[in-house]
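Trainee: Starting from the given sequences, assemble the full structure and let the hints guide the process.
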Amino acid sequence: MNAPDISEKRWDTLARSRAARLARAGHLATGCIVSADDIVQLLEAVIEPGDRVCIEGNNQKQADFLARSLVKTDPSRLRDLHLVQSVLALPEHIDLIERGQVSRIDFSFSGPQAARLARLVESRKIAIGAIHTYLELFARYFVDLTPRVALIAAQAADREGNLYTGPNTEDTPAIVEATTFKGGIVIAQVNEIVDKLPRVDIPADWVDFVVKAPTPHYIEPLFTRDPAQITEIQVLMGMIAIKGLYAEYGIKRLNHGIGFDTAAIELLLPTYAADLGLKGKICTHWALNPHPTLIPAIEAGFVESVHSFGSEVGMERYTAARPDVFFTGADGSMRSNRAFCQAAGHYACDLFIGSTLQIDLHGNSSTATKGRIAGFGGAPNMGADARGRRHASPAWLRAGREGRGDIAMPRGQKLVVQIVETFREHMEPAFVERLDAWELAATANMELPPVMIYGEDLTHIITEEGIANLLLCRTPQEREQAIRGVAGYTPVGMARDLRMVENLRDRGIIRRPEDMGIRKSDATRDLLAARSVKDLVYASGGLYDPPRQFRNW
Amino acid sequence: MNGLQISYFEASARKRLSELVDAGSLVEFCPPEMRQTSPHLAMLDAPLAFDDGVVTGRASLSGHKVLIAAQEGRFNGGAVGEVHGAKIRGLLDRALSERPAAVLLLIDSGGVRLHEANAGLIAISEIMRAVLRVQAAGIPVFALVGGSCGAFGGMGIVTRLCTEVVMSEQGRLGLSGPEVIETVKGVEEFDSRDRALVWRITGGKLRRALGEATLLVDDLIPAFRTAAAKLIERYRAHPPVPADLDELLGAQAELTERSVRFAAARDGREIWQADFAEASRVPEMTVAEFNALLGEAA
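Chains as they are written, first to last, in full-length UniProt numbering: chain A, 1 to 553; chain B, 1 to 298.
Think of the hints as simulated: they come from the structure by calculation, not from any bench. There may be inaccurate statements among the hints.
[As the list claims (entries may be wrong)] Label-pair distances were calculated between CB atoms; the ranges are:
id: 1; chain 1: B; residue 1: PRO31; chain 2: A; residue 2: GLU428; range: 34 to 44 angstroms
id: 2; chain 1: B; residue 1: ARG266; chain 2: A; residue 2: GLN549; range: 17 to 27 angstroms
id: 3; chain 1: A; residue 1: GLY26; chain 2: B; residue 2: THR286; range: 26 to 36 angstroms
id: 4; chain 1: A; residue 1: ILE193; chain 2: B; residue 2: VAL260; range: 22 to 32 angstroms
id: 5; chain 1: B; residue 1: ARG195; chain 2: A; residue 2: THR231; range: 14 to 24 angstroms
id: 6; chain 1: B; residue 1: SER259; chain 2: A; residue 2: ILE193; range: 30 to 40 angstroms
id: 7; chain 1: A; residue 1: THR231; chain 2: B; residue 2: PRO31; range: 22 to 32 angstroms
Idealized CB from N, CA, C, for every residue including glycine.
Mentor: Dropping the structure here:
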């Protein structure tokens with residue numbers, strides 16, 4: 001048998017490809033700095049057909065100038081691209097597909113472009129590799145979806161190419177780490193080029209090119225909820241969450257999903273929860289974006305620590321002024337990191353609570369609706385039991401005991417809670433026999449129905465009717481009746497077995513507000529620690545600077 | 001309860017009343033069980049309210065007898081119809097015989113109810129005459145403006161006829177409402193969806209700065225209560241006297257001067273700039289900071 005000929009095998013094809021690309025682009029850059037006028041040429045020089053390309057952006061920060069520039073490249077030269085990125089949020093992302101430059105996408109979330117994307121998939125203009133959660137997609141960057149070219153966004157660069165990402169660091173470290181250490185090319189758009197950066201978030205030798213964008217990158221104020229729009233039903237559900245769950249289990253480490261339901265809980269902490277004597281006993285450590293509605297709780301001394309996925313427009317001065325609470329750099333500004341915060345939410349939190357659009361009789365929930373491929377974002381990373389967790393906490397152990405009984409191997413469980421009104425907007429029932437996700441999966445040829453949180457991970461449902469504790473259910477029938485038993489006047493709720501539901505209530509599996517000592521008539525907006533955005537500004541001592549669309553002064 | 005702060009802006013008319021006056025002191029006139037509803041709305045098959053959108057009665061406030069009316073902004077925008085107007089006018093007439101320490105009008109109204117426009121217009125004119133008659137009899141009438149509908153149209157005029165006007169920053173006062181101006185004159189004249197602009201022009205701070213509101217208070221029912229109690233004490237010591245001709249001419253001259261001075265102003269900001277050192281900060285200021293700027297004691 002002949003020995004394999006190792007002399008012919010080359011081990012540096014990535015490096016040589018990278019060198020060739022840099023050589024083609026060399027004349028366009030002064031040092032690492034490229035003029036905005038030359039950016040289309042640069043992209044055509046460094047990107048090759050078939051490349052995996054990541055255009056940074058998520059539901060907050062967007063490399064929008066680089067995305068717009070990519071749409072101006074020659075489709076005959078830049079084609080068959082494989083987009084691997086957190087979100088398809090900009091119209092330009094979808095334009096690239098329509099121009100025939102992209103043949104495959106792997107992503108997490110498509111929010112505003114969900115309907116356009118669904119049409120392209122149905123007309124077979126694009127192949128979706130998979131729709132991931134954020135952490136899952138980041139993980140694949142380091143396994144089989146490593147970008148060849150990453151187009152990223154930073155606040156500022158210095159002339160060497162060091163980057164300052166500031167409070168909105170978000171996905172940048174994960175993308176750059178994967179790209180740069182696997183022979184890829186990193187191009188950064190920045191709002192300004194300065195002599196001295198406040199701090200270095202990404203070192204210069206991980207970055208190949210820097211371009212000053214003509215306009216600052218766009219950031220969506222996604223996590224701002226106007227307290228004026230919180231309803232008394234949401235106040236009631238917030239009281240149920242605090243008294244019936246947080247106090248009961250002693251929830252200290254948690255993550256809140258986005259929405260008015262969780263904003264109500266945050267605004268009830270300094271009032272309702274404080275009256276129950278819960279300060280210091282619940283909600284001390286968070287994996288959470290800097291929600292403006294958390295300001296009153298922070299000011300009341302409820303909160304010890306908050307690590308964030310991203311920042312929030314207008315919260316920069318406030319977070320900088322509260323370094324004991326938020327993670328901040330030596331320059332004083334906050335640093336976020338989506339990958340680490342997703343890991344923190346998955347492994348280090350005892351509870352996730354969030355809203356959804358539909359819950360079925362098994363407790364599966366989904367935000368998918370027909371004709372829209374919206375994806376997942378990060379919620380499933382929070383809203384799932386961390387099977388790899390090995391450290392104990394009282395809340396985690398109690399949930400484990402309730403769910404597994406006493407006979408099994410001792411093990412905890414994360415509390416995964418859905419908080420929904422039984423009817424949502426336009427009187428659509430939140431409880432359904434069958435999720436729309438099935439239909440979407442069929443029309444879009446998906447291998448899996450897009451389920452945000454699987455029933456097997458869901459431990460509690462809170463509605464205005466009370467709490468269903470699914471951990472304590474011992475049979476599928478009990479579980480179904482527990483869900484029906486809090487589903488109100490929806491068709492699913494009306495079809496409940498009254499005797500069985502009363503039995504579940506006797507056993508504490510279903511608890512009504514009155515069972516928890518909560519008077520519905522106490523649920524008024526007067527309990528909210530802030531009733532308007534301006535109240536939040538006052539609570540922050542003038543440090544919170546809300547975006548224009550949230551001001552009425 | 002810890003931190004429980006009852007918003008005046010968000011409260012119903014009955015909640016405002018019950019928190020404003022001495023506990024349990026309210027005796028309601030024409031209460032809901034009498035079901036004095038609007039015959040006009042019934043003819044149109046429109047929803048009715050058993051109090052026709054206004055609560056009237058006798059109560060005590062800090063121990064002083066008051067007659068009091070509270071409009072419900074959530075019923076037809078607090079608009080004045082025949083029954084609604086008659087209840088307020090009747091309350092004012094009653095003040096002449098009962099002689100309370102004050103009459104309090106908790107105004108939350110867009111003006112005349114369009115479903116019964118003629119009856120509503122007559123009612124407004126009756127209320128205006130009655131407000132003047134009560135004051136002429138030496139009884140002060142206080143307008144409290146802090147609801148979501150503000151005080152517009154005929155009720156804006158009624159407000160300005162009152163002896164004192166207590167407003168919160170959230171309260172609004174004007175003649176034609178922003179939506180009406182936009183409809184008639186176009187969005188270039190007044191963009192009613194620009195909430196910040198609407199409040200900078202019609203809101204409590206500008207009205208206070210111009211002297212149309214006499215007190216600015218926080219959006220809390222206890223703050224309105226404290227202000228009303230203070231005013232009652234003040235007018236017990238010095239009952240209102242009708243203005244004489246010279247005073248009226250003087251006021252007219254001031255208004256003329258103001259209309260010339262601010263003729264070109266398009267925004268409350270321009271008025272702050274004329275009168276305030278820190279004009280750009282005015283919208284952000286707390287009520288206490290703002291009042292301190294006006295030289296009022298806290």
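Trainee: Each hint needs a verdict: does it hold in this structure or not?
Mentor: Tested hints:
For B/PRO31 paired with A/GLU428, a C-beta distance near 39 angstroms keeps the hint of 34 to 44 angstroms intact. Judged by the Cβ atoms, the range 17 to 27 angstroms given for B/ARG266 and A/GLN549 holds: they are separated by roughly 21 angstroms. Between A/GLY26 and B/THR286 the C-beta distance comes to about 59 angstroms, which lies outside the given range of 26 to 36 angstroms. A hinted range of 22 to 32 angstroms for the beta carbons of A/ILE193 and B/VAL260 is inconsistent with their spacing of about 52 angstroms.
Between B/ARG195 and A/THR231 the CB atoms are about 20 angstroms apart, so this pair conforms to the stated range of 14 to 24 angstroms. Distance hint check: the CB atoms of B/SER259 and A/ILE193 are about 52 angstroms apart, inconsistent with the given range 30 to 40 angstroms. At about 29 angstroms, the beta-carbon gap between A/THR231 and B/PRO31 stays in the expected band of 22 to 32 angstroms.
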